[in-house]
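Participant: One letter stands for each residue in the lines below.
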Amino acid sequence: MKKPGLSSVPDPQAINSQARPRLLQLALRLLWRDWSGGELKLLFVALVMAVTSVTGIALFTDRLERALLLESANMLAADRVLGSREQPPEEILTEAQTRGMRTARTLSFTSMAFSDNGNMLVAAKAVSDSYPLRGEVIITDAPFTRGRPIQSGPPPGEVWLESRALPALGIDVGDVVYVGEAELRLGQIIITEPDRSGGGMIDNAGPRLMLHMADVPATNVVQTGSRVSYRYLFADDDLRVLDDFESWVREQYERQFRIRDVREESEEIAEALDRAESFLLLGSLFAVLLAGVAIALTAKRYSERHFDYVAILKTLGCTSRQITILYLSIQLILAAIAVVVGWLLGWLVHQGILVLLQSIMVVELPTPGIQPYIVGGLTALICLLAFALPPLLALRETPPLRVLRKDISQTSIGDNVPYLFGILGAIVLVLWYSQDLVLTSVLVLSVAGIALLLSVISWALLQSTGSAGMKAGNAWKLAMTAARRRRRQNILQVMVFAITIMSLLILSLLRTDLIDEWQAQLPENTPNHFMMNISAGQIEGIEAFFADNGIEANAFYPLISARVTGINGAEPDPGDEEEDNEGGSLTESVSMEEESAGNVSPGGDGEGGRSRTDGEGEAASAGEQEGEAAPRRLSRRQVTWAEQLPPDNAITAGEWWGDSAEPGYVSIEEEYADWLDLELGDVLEFEVNQQLVTAEVSSFRSVRWDNMQPNFFIIFSPGSIDHLGATFLSTALMESEQKMLLNELIRMFPTIVVIEIDALIEQIQTIIAQVTSAIELISLLVLVCGALVLLACVNASLDERFHENAILRTLGAGRRLILSSLLIEFAVIGLLAGFIATLGAEASLAYLQEEVFEQDFSFHFWVWLAGPLSGMILIALLGVSATRKVVSISPLTVLRRMV
Amino acid sequence: MIQVQNLVKKVDTSEGELTILKGINLDIADGEAVAIVGASGSGKSTLLGLMAGLDAATSGDVLLDGNSLASLDEEQRALLRGQLVGFVFQSFQLLPSLTALENVMLPIELKGDEQARDKARQLLERVGLKDRWHHYPNQLSGGEQQRVAIARAFASEAPILFADEPTGNLDTATGSRIIELLFDLNREFSTTLVLVTHDDRLAQKCGRAVRLVAGEIVSDEKFSDEKAGAQLSA
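Sequence order for the protein chains is P and A.
Taking the working numbering, the leading residue of the first sequence gets 26, the next gets one more, and so forth.
Taking the working numbering, the leading residue of the second sequence gets -14, the next gets one more, and so forth.
Chain P with its partners taken away, still in its complex shape:
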């Protein structure tokens, strides 16, 4: 054989490029072998989990947003709506049309409908030709039958009526219906319309009567000052066109007119969706971070196991550059496969969520964009760069001399560099996903807090006993000395366990609290009809009516309109912000009396029309009222008096008057009190029905505004204003099959006003139920990631344990002693981790609930027991089951492998 003569150092470039294909082959071979040997499986699974959770959640939110867009379109019969009490200028419609948008107009008002056989108060809605822009109107030929969809309203000369109006008016399809002065023909029965639940109270005041916009002048019911609701509807497939138009309206009309979408239309739904989105975001963050930690741990172990490989490769002439290419190729190939698998699983996860949410997604969704896949792929890349690459890059620094001397360790890269990379990567990931500096800081701070706490605790614990050695006498001592010997590793292990358990605790507590709150907000039996304008004499009759028909009657609240005119003899001087009546109080908004109110429903010269005016407002009043300049003096409030504290109210200061109530006291809602700068004992002066009343503030209350039940800012003690003439308000739960009873109720008590919110409540309940399912699914995903980290963390210390216990067994230690010592060591680590996790979880939750989820935080006392205990049991079981092999493999095998 011929010797290659070498007179000069070879050119690295030339050799590198020549050997690259070979390196790739070698990379593939190593990848395959490491895979079969199980070394890479955990790293692979961790990467897959990261990609899966991110892709799945990104796909889901991507489609959710699209679905919401469609859902909102359905709820509004348009993409955007402009609503107002006054007629908005035509110019707005013209502008929209010149921008290529589709437009429609509706006009809602309450009116009496007459037939030759009867009359009835109806919620009339006139629509233009192009209505609805989104969604469909469902109509039918005969009352109480299933309908068919149609994308238009009635033609001129025709009205459509809801089924239950037909028996009340004694008519059939084809008969004549009079609306005001117009004579129209009943063309179809209307089952539902897309914006039925999204409408204001005017739209919920009776059965629907829909007519064509062109017929409105003939009715002669809409005159200056009439209580009507104008709506301009807009639709366009391009979101930017809609947004541009929205800004244009904002610029042109400032606060006079405002364009809204569904989120502003229904606060309850918007809040549920916002919280769900925050939760999903948080869930995916935890999933990715946990997967990241798992990646870091497995990559570190992998690289530690490959130090010898690299040393051998280097003695054979492999340069650091080639080592980098080799291991980078392995990681990239692995990552590429993980990304593809993750995409697939992510797609399945999002399909799973979609199946759960299918009844929200009533419309065929457009396929999701590629964005979520890009996000998933980038996540894998960032995870790899931040968590896996540093330990792998440390490989390239392996000194070749290691083939001769095993004790030679890495020197070039500091031990802490990988952690720094990981922390930096984690922060980048959190920031990228949340786009929220606050959330990022909370997470980073809680993790940093845990790390600090842990260092202190571990330092204290491990300093307390200074002894070294094995102390192999009994399991407890053996375990404790083992824990001390692996101090640095154990601190890291406790930290990883603690962070994992903390993530799981935060998420599950948050999930429970959110779901509990939603369920409490709208329990199964939430009343879905409001009855107002009830006179004292009618209460008994209504109660009897409900009793006869198996409907549960609820409390009757007196209702009277009042305005605060003085505080301790001085003019009230409220805080800077506008008076806050957007609290969502249905009662307040339903019954809110405007300064300008008092008009008579035009054409409604019957009793129903007269009585209706007092109680009328708009369900989503906040937006609709913005058209009018906010008066500086305090607006009127619907107030009540009560002996008992209403449900969902809690006294926050002072005392409720109780059974021995005396007149002359008043209880104020806490935020309203804050706004007016009130203190207990202040004397307030009210103007009630043109009479002045004074009352002393005896308590402040918190009120649950979102429970869709009667709620009041101001409650008087009994006897204070009873004599000033009030009407009463009550609620009832009526199932859809009981709705026909409404006709009878209104016939028996023609002056009362019934507001139907069943459609709205049903919609909210459905959405919340489905969002809950989505949340459960994400929690499961995070749980899997958590388990992965725990497994990776236990595996990380496996090699050393194998070696140590093999020596112990050679020296005569029994399997039982070793197993119990392992059990004790892991249990102690788990207990410590569980305790720290509980601490961290409660601290993070306190912040997250108050600031991000706008919930009230309260301590979860049971968690203080369950956290540490479950940590102990979980880690002990996991640890022992993973290390059981330590005692089942013969010590000789282990020791030979260690040579």
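Some hints here could point you the wrong way.
If you anchor each label on the Cβ, the simulated ranges turn out as follows [claimed, not checked]:
id : chain 1 : residue 1 : chain 2 : residue 2 : range
1  : P       : L890      : A       : E60       : 55 to 63 Å
2  : P       : K502      : A       : L48       : 55 to 63 Å
3  : P       : I914      : A       : G26       : 31 to 39 Å
4  : P       : L890      : A       : G26       : 19 to 27 Å
Sample of chain P residues lacking proximity to chain A, with all beta carbon distances greater than 10 Å (derived) [stated by the list, open to error]:
id : residue
5  : V201
6  : T217
7  : Q277
8  : D299
9  : S345
10 : G474
11 : S560
12 : N714
13 : S913
A few chain P residues that face chain A, going by a derived Cβ cut-off under 10 Å, partial list only [stated by the list, open to error]:
id : residue
14 : L51
15 : L341
16 : V905
Quick caveat, the hints were computed from the structure, so don't treat them as lab data.
Every residue, glycine too, gets a C-beta built ideally from N, C-alpha and C.
Use these hints to put chain A onto chain P, whose structure you have.
Facilitator: Below, chain A without anything else, positioned relative to chain P:
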């Protein structure tokens, strides 16, 4: 082929600086077989590591085929190792996740040689492992593993072979057979052999034995060809 000039190696320990090699000078000619002998801790493995370019010296230089190692960084040293140096270790140092064949192919592949598989098979056949080429190291006995390691050392066709206690992990009979194989191949390939051992009998099989005590060369003994040859054929 190998020139060691004033080689010094110092390391930092908790008890201060420790000098392992105290100015070693040594010339090894092309094709020569040299044993470096000495007790544990005498510095022989350190010297081997420095001569093979596995580590950098504190001062002094090693010239491998005229290339000064002191002027090279680790990257260049690695390339030089790939071209000039083969190794046989006491603990075999095979990659456990590669088969015997793949282990032998490795240095050939690293050089970009297309014929890696064929050459590796020939070598495995030559070391008597014709039927075991698809076995993994943990499926082979110690002697078989060392045979694979020897095949790998010659696979790169490097002109210099370093062997660090090649029989240290083997029983006497297996050790003798391995040494026989090593010297046979060394002759076939006309390799320059540097062998670290504390076994004087093995040292005498080489043409020359350099004895180290506490980091210094205390003797440099050349044996006659007859004596070395007699030892080898014995």
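Participant: Look at each hint and say if it fits the structure.
Facilitator: Hint check:
1. P:L890 with A:E60: 55 to 63 Å: Once the Cβ atoms are compared, 58 Å apart, the range 55 to 63 Å for E60 of chain A and L890 of chain P holds.
2. P:K502 with A:L48: 55 to 63 Å: holds, 58 Å
3. P:I914 with A:G26: 31 to 39 Å: holds, 34 Å
4. P:L890 with A:G26: 19 to 27 Å: The hint (19 to 27 Å, Cβ to Cβ) is violated, given that L890 of chain P and G26 of chain A are roughly 58 Å apart.
5. V201: holds, 91 Å
6. T217: Check passes; 67 Å lies beyond 10 Å.
7. Q277: Answer for Q277 of chain P: holds, closest chain A Cβ roughly 69 Å.
8. D299: holds, 51 Å
9. S345: Per Cβ check, S345 of chain P is inside 10 Å of chain A; nearest 6 Å; violated.
10. G474: holds, 36 Å
11. S560: Non-interface label stands for S560 of chain P: nearest chain A Cβ at 90 Å, farther than 10 Å.
12. N714: holds, 91 Å
13. S913: It holds; S913 of chain P is separated from chain A by about 18 Å at its closest Cβ, greater than 10 Å.
14. L51: Holds, about 7 Å.
15. L341: holds, 5 Å
16. V905: This hint is violated: V905 of chain P lies away from chain A, its Cβ roughly 27 Å from the closest one there, beyond 10 Å.
Violation of the numbered hints given earlier is confined to hints 4, 9 and 16; the remaining hints are satisfied by the structure.
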